[in-house]
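A.B. asks: Chain by chain, the residues run as shown.
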Amino acid sequence: MPVDTIAVPGETRAPTRADARGCRIAVAGERDFQAGRDELLLLSALNQGVNYPHSCRVGTCGRCKTRLVSGKISPLVDFALSPLTNRDLKDGYILACQAKVRSDLEIEVGLIDHRVTLPLSVVGEISGWRVLPGGVIDLRIALDEPLAFQAGQYAALAVSGSFVRRSFSFYDAPPGPEGAREVGFLVKHLPGGRFSGWLAARDRCGVRIWVEGPFGQMGLDDTPRHALCVAGGTGIAPILSIAEDRLQRFPTEGVTVVFGVRAQADLFALDRLERLSRLAPGRIRVVPILSHEPAGSGWSGARGLVTAALDPGLGIDWGRASAFVCGALPMVEAVEARLTALGLPRGRIHADKFEPSGL
Amino acid sequence: MLDYAKYLLSPVLLATSAYGLWLGGPHAWLGFGLLIGILLFDAFLEPDHSLRDARFPWLYDLIVSVQLVMGFAMILFYAWLVGQGHFDSTSSKIGGFVTMMFTQFVIVAPALHEMFHRENLFHRWLGRIGMVMIFDPWREITHVVTHHIHTVTPDDPDYARRGENLYRHLAKTFAGQIAESYHLERRMWTKRERAWFDPRNAWVWRVGILVAFVGLLWLIGGGYGALAGVGVCLLGPRILLEIFNYTQHYGLVTATPGRFEPRHTWNHLTPFVRLLALEITNHAGHHEDSYKPFYELVPDRTGPKQPQFLICLLLAFVPPLWFLMIREKLHHWDRHYATPQEREIAEAENIRAGWSDLNERPTLAQARFAVAP
Ligand SMILES: Cc1cc2nc3c(=O)[nH]c(=O)nc-3n(C[C@H](O)[C@H](O)[C@H](O)COP(=O)(O)OP(=O)(O)OC[C@H]3O[C@@H](n4cnc5c(N)ncnc54)[C@H](O)[C@@H]3O)c2cc1C
Ligand code: FES
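Those protein sequence lines, which keep their order, are chains A and B.
Per this note's numbering, the first sequence starts with residue 2, numbered consecutively.
Per this note's numbering, the second sequence starts with residue 32, numbered consecutively.
Treat each hint with caution, since some may be false.
[Claimed, not checked] Using C-beta positions, here's what the derived DEER-type ranges look like:
1. A202(B) <-> N87(A): 36 to 42 Å
2. T394(B) <-> A202(A): 22 to 28 Å
3. A226(B) <-> R68(A): 27 to 33 Å
4. A398(B) <-> N87(A): 56 to 62 Å
5. R347(A) <-> T394(B): 52 to 58 Å
6. T394(B) <-> P252(A): 52 to 58 Å
Hints were generated in silico from the structure; no laboratory data involved.
The model shown is predicted, which means the values in this text are computed figures rather than measured ones.
Backbone N, C-alpha and C fix where the C-beta goes; we use that ideal spot for every residue, glycine too.
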């Protein structure tokens with residue numbers, strides 16, 4: 002159900018109705034841009050090369066959250082059905098990808114200092130299928146045309162002929178502007194999951210599959226700093242990409258990976274993490290932490306939820322580091338709260354929540 | 032000014048139908064006869080791609096508001112006539128009922144749909160209250176959220192997949208809409224930290240207005256009047272609307288769920304249908320921006336088109352005839368409108384429907400279908 006147009010009385014600029022050609026969008030502390038009246042705020046920004054934060058573009062990820070200071074927008078659907086919280090709604094937050102511009106606007110949003118790659122749809126064939134511990138499938142797809150992506154981004158996968166379309170993160174290091182001919186994903190087999198259940202049932206090599214991407218902006222943090230990467234389960238996929246990318250780009254900075262799974266038998270992708278250690282000796286530290294490992298199993302590493310590993314004992318300069326957090330929603334929220342408490346600036350915590358992605 | 036005057040056709044038809052009901056006897060059929068006559072005549076006309084003069088939007092809004100209020104008055108008037116035993120012969124009873132069914136469906140339902148999509152609060156509330164006339168005031172939520180977001184995917188209960196006949200669709204769509212509106216309402220009251228029965232929850236006050244509507248029919252028309260009024264709403268706008276939905280996106284597919292493209296709907300652009308249905312059949316424009324008032328919609332000249340609206344409605348009742356028509360249309364859509372990925376989904380849908388003969392490379396499509404989720 003749509004809510005009524007959201008209008009915030011502006012002190013400096015009254016909303017104008019009949020501004021047919023364009024509305025001025027003033028981003029607090031950043032550049033202004035023009036948007037056509039009735040255009041979607043996010044799309045309009047992206048089409049003009051404004052690097053507006055976004056990810057899914059269909060109202061499910063919450064990444065384009067924006068505070069409306071003044072002006073009028075109309076939401077495509079009631080924001081109570083979006084990832085915005087009740088608090089957000091009361092505080093005047095909107096989702097730019099779901100907001101039709103109706104007048105000049107004054108908004109608050111942190112624009113991204115980074116080039117945005119617009120998504121493409123490319124077809125390919127499953128070229129690698131391997132079952133890893135913990136019910137995870139290492140899926141590789143050979144593409145008919147190259148696809149470019151940045152570290153930490155993801156794609157929507159849909160098998161040929163199927164309506165089922167799900168998001169999974171690239172785990173390879175970014176290929177550069179020429180793009181990759183083969184891409185890889187780590188897919189967790191979920192009971193009842195339409196896509197992962199199908200994928201896990203048997204070796205799917207040779208199946209034709211569509212890949213639309215890249216989406217997401219989690220890894221976009223171009224500052225050379227220590228990177229604290231926190232992953233729950235297959236949240237390790239974008240973390241592998243980000244870690245490799247940063248180890249290559251910032252030769253003097255280190256990476257700490259806190260990797261949470263249930264038990265020792267569920268630890269996967271360790272070979273990939275070891276490969277990174279060989280790539281950048283002494284600059285990457287991996288802290289596996291197990292939440293459900295039976296007592297007395299001989300596991301000498303950390304135990305508990307990933308938040309348990311986030312303490313001063315890690316020896317991180319919290320005020321200087323950047324954090325990349327990826328996994329299920331409750332885990333991401335708990336980690337964000339913990340890192341903020343430890344003194345990591347909010348603006349340097351970058352997160353992707355692995356929510357069910359079927360629209 | 033002709034553009035504005037054209038839209039007066041609907042209020043005039045409503046008034047004439049009401050007059051026919053008042054005269055009673057064979058005249059009770061007047062509204063039905065006129066409407067069907069106009070629609071049949073329209074079936075022979077070429078599509079109308081013209082844009083509307085939009086200099087005085089308030090004039091259009093006035094006409095539609097009046098039309099909606101007239102529709103409301105008419106159902107009360109009908110209940111009163113029934114309560115008075117006004118329709119004495121079987122023929123006039125049936126005539127009155129069908130006249131009401133069709134006028135409420137063709138003329139009143141589009142008006143309330145138009146209004147509940149509007150940004151203006153007065154118009155929106157007029158539309159919301161008007162939803163009692165489709166006897167489903169909860170419809171707005173599944174329509175605006177589910178139908179407009181999940182267009183042409185199996186997640187939209189309004190969508191009919193290839194091979195589905197009308198009767199199966201009707202059973203499926205009612206169940207799907209109830210489940211979906213519960214799911215969405217629940218998400219909203221949970222998000223707003225309210226109890227399910229909180230009177231601020233939309234579904235609760237919507238029950239209220241429906242009960243008030245039935246109460247009003249009862250008060251005016253007694254038991255029989257209320258029964259006839261509710262019967263009109265359910266068999267007329269309610270069911271016929273589902274039939275319209277059945278045709279409107281039939282069998283089309285999307286590879287970009289959540290992102291509507293004009294090829295994801297059929298359009299019916301004949302002149303009288305555009306007027307009577309308030310451009311709702313000018314469907315691509317409506318989906319591109321559902322807040323856009325009907326007079327600003329731009330007909331999609333090159334978009335997918337079905338045969339005329341009434342013809343489609345009639346064909347839908349007879350599945351073999353419907354399939355005969357639609358298979359050919361879909362065959363064309365697959366080749367001319369679908370993206371390569373959509374063509375592959377369409378091929379799989381054809382196989383599912385038992386229509387493999389529509390596929391260009393049936394063996395390849397079958398091999399792909401066999402392994403898809
Ligand atoms: C940006 C992003 C990146 C992601 N990256 C990865 C990744 O790299 N690896 C990975 O494994 N996962 C990733 N995910 C998560 C993944 O996309 C989802 O888990 C996806 O839904 C799995 O698809 P599926 O068809 O297997 O399961 P689905 O059929 O989608 O079902 C998933 C589970 O959720 C339940 N469920 C489904 N829909 C609903 C609903 N509406 N309400 C309540 N429960 C529901 C199902 O019963 C099932 O248990 C990512 C998600 C996002 C948003
Ligand atoms: S980009 Fe707007 S919610 Fe995802």
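A.B. asks: Holds or violated: the 52 to 58 Å window for the beta-carbon distance between R347(A) and T394(B)?
C.D. replies: Distance hint for R347(A), T394(B) holds at roughly 57 Å.
A.B. asks: Honestly, do A226(B) and R68(A) meet the 27 to 33 Å range at C-beta?
C.D. replies: Cβ of A226(B) to Cβ of R68(A): about 29 Å, so the range 27 to 33 Å holds.
A.B. asks: Return holds or violated for the Cβ distance of T394(B) and A202(A) against the range 22 to 28 Å.
C.D. replies: At roughly 23 Å between Cβ atoms, A202(A) and T394(B) fall inside 22 to 28 Å, so the hint holds.
A.B. asks: Quick check on a hinted range of 52 to 58 Å for T394(B) and P252(A), using CB atoms only.
C.D. replies: holds, 54 Å
A.B. asks: Has the hinted range 36 to 42 Å been met by the Cβ atoms of A202(B) and N87(A)?
C.D. replies: holds, 37 Å
A.B. asks: Using the C-beta atoms of A398(B) and N87(A), is the stated range 56 to 62 Å upheld?
C.D. replies: Because 50 Å falls outside the window, the suggested range is violated.
Consistency with the previously given hints fails for number 4 only.
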